Amino acid sequence: GAVVSQHPSWVICKSGTSVKIECRSLDFQATTMFWYRQFPKQSLMLMATSNEGSKATYEQGVEKDKFLINHASLTLSTLTVTSAHPEDSSFYICSARPSGSRASYEQYFGPGTRLTVT
Amino acid sequence: EDQVTQSPEALRLQEGESSSLNCSYTVSGLRGLFWYRQDPGKGPEFLFTLYSAGEEKEKERLKATLTKKESFLHITAPKPEDSATYLCAVQGSGGSYIPTFGRGTSLIVHP
Chain E
2 GAVVSQHPSW VICKSGTSVK IECRSLDFQA TTMFWYRQFP KQSLMLMATS NEGSKATYEQ
62 GVEKDKFLIN HASLTLSTLT VTSAHPEDSS FYICSARPSG SRASYEQYFG PGTRLTVT
Chain Y
5 EDQVTQSPEA LRLQEGESSS LNCSYTVSGL RGLFWYRQDP GKGPEFLFTL YSAGEEKEKE
65 RLKATLTKKE SFLHITAPKP EDSATYLCAV QGSGGSYIPT FGRGTSLIVH P
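Going down the list, the protein sequences come from chains E and Y.
The numbering of the first sequence is my numbering, which starts it at 2 and goes up by one.
The numbering of the second sequence is my numbering, which starts it at 5 and goes up by one.
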């Protein structure tokens, strides 16, 4: 149980184009999902918290107009990197927190998406 | 502000050489302490949740323990496949529902 998928697992795009990454909780509902970015050999950097049916909360320094997050259902959140530039190349990981009860503090991670902008 | 410090940053062990990873934390009202394993190029894999001091959980060669100030992840007779980065995170009750992560311990187990 508690499986989170991400699609695509890797993507290469040209500078100036937009890329959408999907995050799905496969066997549970998630009111809250998180989006992280991770640079090589560094820890997770939280980008934003996504709550179903409401606007995402972005961390300081993260451009909300560049990283568009939509959490349209209890099992799906999407991250769109708009007008991508080479510096946006990174490993993006989502996580989902099961709705309700004590277990709601746990979060389960997706396998990550490797984005390369050329 | 919740804080998590993991030590050591890196640890090299010989196969079968048991050891412990440390996660020291400060939090206002602990709602949960979490351990994850992350392999290169993959998302973190959930291992354990600990809720209160004195609690212990085990999974194969891993055992997690919790006190009011720190958690240990004990690795007994490790194998090369245990090589990974181990992440610790805490969730406090201070109003934010965002967990705080440590920087991780990179473990390498040599055959």
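Worth flagging that the hints you see were computed from the coordinates, not collected in a lab.
Here the structure is a predicted model, which is why all the values come from computation and not from measurement.
Yeah, the Cβ is synthetic: ideal placement off N, Cα and C, and Gly gets one too.
Mixed in with the good hints, there may be bad ones.
[As the list claims (entries may be wrong)] Below 20 Å or equal to it, Euclidean Cα-Cα: the simulated PhoX-like pairs (lysine-lysine) are: (1) Y:Lys46 x E:Lys21; (2) E:Lys21 x E:Lys56; (3) Y:Lys72 x E:Lys42.
[Unchecked claim] Part of the chain Y face toward chain E, derived, beta carbon under 10 Å: (4) Gly36; (5) Tyr40; (6) Lys46; (7) Phe76; (8) Glu85; (9) Ala88; (10) Ala93; (11) Tyr101.
Item checked: Violating hint indices (sorted, rising) -> Checked against the structure, the hints that fail are numbers 3, 7, 8, 9, while the rest are satisfied.
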